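Listed here are the chains, written in short residue letters.
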Amino acid sequence: MSDTPTYRIILAKLGLDGHDRGIRVVARILRDAGFEVIYLGLRQTTASIIAAAEEEDVDAIGLSMHNAGHMTLAPDMLAALKDADIEIPVILGGIIPDDDVQPLLDAGIAVVLGPGAPAEDVVASVRSAIETAPSARL
Amino acid sequence: MSDPVPSNAASNPDASEPAQTQARRQWEEASARTPLRNIPFETMSGVPVDGVYGDAPYPGQYPYTRGVHANMYRSRLWTMRMFAGFGTAHDTNARFKDILKNGGSGLSTAFDMPTLMGRDSDSPWSRGEVGRAGVAIDTLDDMLDLFADIDLSGVSTSMTINGPAAVLLAMYAAAADHTGVDRASLSGTIQNDVLKEYQAQKEYIYPPRPSVRIITDMMQFTASEMPRWNSISISGYHIREAGSTAAHELAFTLANGFAYVEAAVAAGLDIDDFAPRLSFFFNAHNDFFEEIGKFRAARRIWARWMKERYGAQNEKSMMCRFHTQTAGVSLTAQQPEINIARVAVQAMAAAIGGSQSLHTDSFDEALALPTEKAARIALRTQQIVAHETGVANVADPLGGAPYVEWMTDEMERQAEAVFDHLDTLGNGSILEGVYAGIDNGFFVGEIAEAAYRYEREVNEGKRIIVGVNDFTDGDEERHTEILRIDAKVEEEQLARLAAVKQSRNDADVTDTLLRVTTAAAESGENLMPHIINAVKARCTVEEIGDAMEKEFGRYIEPAVI
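As they're listed, the protein sequences go chains A and B.
If you're matching positions, the first sequence starts at 2 in this note's numbering and goes up one per residue.
If you're matching positions, the second sequence starts at 4 in this note's numbering and goes up one per residue.
It is possible that some hints are incorrect.
Claimed, not checked - Restraint-style ranges between C-beta atoms, simulated for each label pair:
hint, chain 1, residue 1, chain 2, residue 2, range
1, B, Gly-444, A, Thr-5, 48 to 58 Å
2, B, Gly-556, A, Lys-83, 32 to 42 Å
3, A, Asp-107, B, Thr-513, 42 to 52 Å
4, B, Pro-561, A, Met-72, 27 to 37 Å
5, B, Trp-409, A, Asp-33, 27 to 37 Å
6, A, Ala-48, B, Gly-444, 38 to 48 Å
7, A, Asp-33, B, Val-503, 44 to 54 Å
8, B, Glu-528, A, Ala-48, 32 to 42 Å
9, B, Gly-444, A, Asp-33, 15 to 25 Å
Unchecked claim - One side of the interface only, derived from the structure: several residues of chain B facing chain A at Cβ under 8 Å:
hint, residue
10, Glu-132
11, Gln-204
12, Lys-205
13, Gln-337
14, Ala-369
15, Leu-370
16, Ala-451
17, Asp-549
FYI, nobody ran anything at the bench for these hints, they're computed from the structure.
Bear in mind the structure is a predicted one, so any value in this text is a computation, not a measurement.
By construction, the Cβ of each residue, glycine as well, lies at the ideal position given by its N, Cα and C atoms.
Using the sequences and the accompanying hints, generate a full structural model.
Structure, rendered in structure tokens:
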């Protein structure tokens, strides 16, 4: 375990969506797997997340969406990261209909984790997204 | 902790009549006073059945463990109140009419996320969210569209809204005024339970104390102007959905109820004036007997606390009347049709548990808002329980079953431990204990830990979720027809809002908003008349909300996991 680097990940929800059961569970899963979780929580904006990403020098951003706003908000996040010249993977979880997954991946989301994704998959997906990102430090 | 047989004292003409016999006689007298539905109360095979079996206290008798009315569903079935809302007010109006046509007996309004959070459709926060999670309501004109051609004096309407509840209630009253309907004839419920927002649903606007003041203003307003209106639906549903145990759902809900009682009494209201119109809202989850025990314990606890701790004398103040919704969180995206079976079992638990009103979820709701067909199947599920299973023939049919009585006692025991903790935390006040628990993360922490425990159990295979961690064949045929909200909805609503802002009188807007802020600053002043005036001037949900925020400030949740 000691040679696994400690990755830092922001966990946040964009927009008005208040369904935070999932993101709080993911926070615990990642914390227990050795990640350093920077929990921003509810009602964040792309600006507040970018500010935290810069200040905290994180390896990834995890967003959770349950309000059917993902086709607007996920691209918003990607655009904001591009504008700020930040190249870190964005992992998306929540209620994402199957038909929307590929378009989101095509748009640049690194991973989409659906409802019921087991803890091991969450950890493995986040790790893999970080380690295979173009800007990954190895 | 099980129920004592009611004492012989008051109405016993024959002092030697055993208490049990007297209670049964009193139940029969109460039963005869309320008309029954005009159907034979028989099994499918034609065997006549009695209204209740087993021991006292009977339904309609303190502490109401066995039900709040003597006849329960023999007199009136639970209200089949299907939650609906999406798109514009016009879209939802059409769905409301479908529901009424299909046999739904009450309306229940789901608002979109911007409206729930007190934001207008043109707020930067609302982008991508207008009309998606429910119906978009910005001004009184939207409310008028929502209930177009629906006689407000002839329906019972529930509105699921919390942070901006005062504004939506004002709009409903104003809509009644506009259509010539007497406010006193309005029947329904507004959720208006802000305490659980800080604990679970997170749809708060202002901090806890000013938010509770708004609620007591609304309770006072409805007590005098809308006596058939339930001013609050004290909710456990969301607490459970956030991950709590059944016992904590029960305990946190009733504690919030006690908190509102204390707040209202402190605001000068007489307990027996407002308490009869407090209502509750519980979850119906998968563990059939745990849920039934929970519902029964809720009634017993509420009655005892209202009578013994808070001194209520009107028996209606002691009755825990509740709406139930089947557990949304139990629905799986995998093999969605099997959710129909889950909902049927959950609906049975609610009916056997004596719920006054029921919403059954649609099978596709793990994926999106329901399609019309899925919503219809959900309503039919309730109708099957009501008309085909026989559970409505007998009140509290599982009363006396050893497991169910034990479960009722156990739920009560666990809840009392929580009340004890909050009472201590609040130095003898549950209201103060709840405020403290919100501030120190007690509720949020308990709920998150329970959610995490559950997730680990599922992960480790200790808890089977059919279709998710076992019996997964069939997932490849995952149904893809889901409700999609057209992006045009947002455009339409923005155009509508712009038109209202164009045509309204700006001076009236400024003036009425100022009066709302002034009223907010005076704790003895009831906000409702001022909000109603603002609503009639076509002020928006957000404008009125901001007018109060000037005085109350905005709540930000501590970012602690």
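The hints, checked one at a time:
1. Remark: the range hint 48 to 58 Å for Gly-444(B) to Thr-5(A) is contradicted by a beta-carbon distance near 30 Å.
2. Between Gly-556(B) and Lys-83(A), the C-beta spacing of about 35 Å keeps the proposed range 32 to 42 Å intact.
3. Between Asp-107(A) and Thr-513(B) the beta carbon distance is about 48 Å. The supplied range of 42 to 52 Å therefore holds.
4. Between Pro-561(B) and Met-72(A) the beta carbon distance is about 31 Å. The supplied range of 27 to 37 Å therefore holds.
5. Remark: the range hint 27 to 37 Å for Trp-409(B) to Asp-33(A) is upheld by a beta-carbon distance near 35 Å.
6. A hinted range of 38 to 48 Å for the beta carbons of Ala-48(A) and Gly-444(B) is inconsistent with their spacing of about 27 Å.
7. For the hinted restraint 44 to 54 Å between Asp-33(A) and Val-503(B), the CB-CB distance of approximately 51 Å keeps it satisfied.
8. Hint check: Glu-528(B) to Ala-48(A), Cβ distance near 38 Å, so the stated range 32 to 42 Å holds.
9. Here the CB-CB span from Gly-444(B) to Asp-33(A) is close to 19 Å, well matched to the stated 15 to 25 Å.
10. The closest approach between the C-beta of Glu-132(B) and any C-beta of chain A is roughly 5 Å, which is under the 8 Å cut-off, so the hint is satisfied.
11. Taken as an interface hint, Gln-204(B) checks out: its beta carbon lies about 6 Å from the nearest beta carbon of chain A, inside 8 Å.
12. With a cut of 8 Å, the hint placing Lys-205(B) at the interface with chain A holds, because the nearest CB-to-CB distance is about 3 Å.
13. Hint status for Gln-337(B): holds, given a least beta-carbon distance of 7 Å to chain A, under 8 Å.
14. Satisfaction of the interface hint for Ala-369(B) is found here, the shortest Cβ-Cβ separation to chain A being roughly 6 Å, below the 8 Å cut-off.
15. A cut of 8 Å between beta carbons decides the hint on Leu-370(B): the least distance to chain A is about 6 Å, and the hint holds.
16. At about 5 Å, the closest approach between the beta carbon of Ala-451(B) and any beta carbon in chain A falls short of 8 Å, and the interface hint on this residue holds.
17. Using the Cβ-Cβ criterion of 8 Å, the hint placing Asp-549(B) at the interface with chain A is not satisfied: the shortest such distance is roughly 16 Å.
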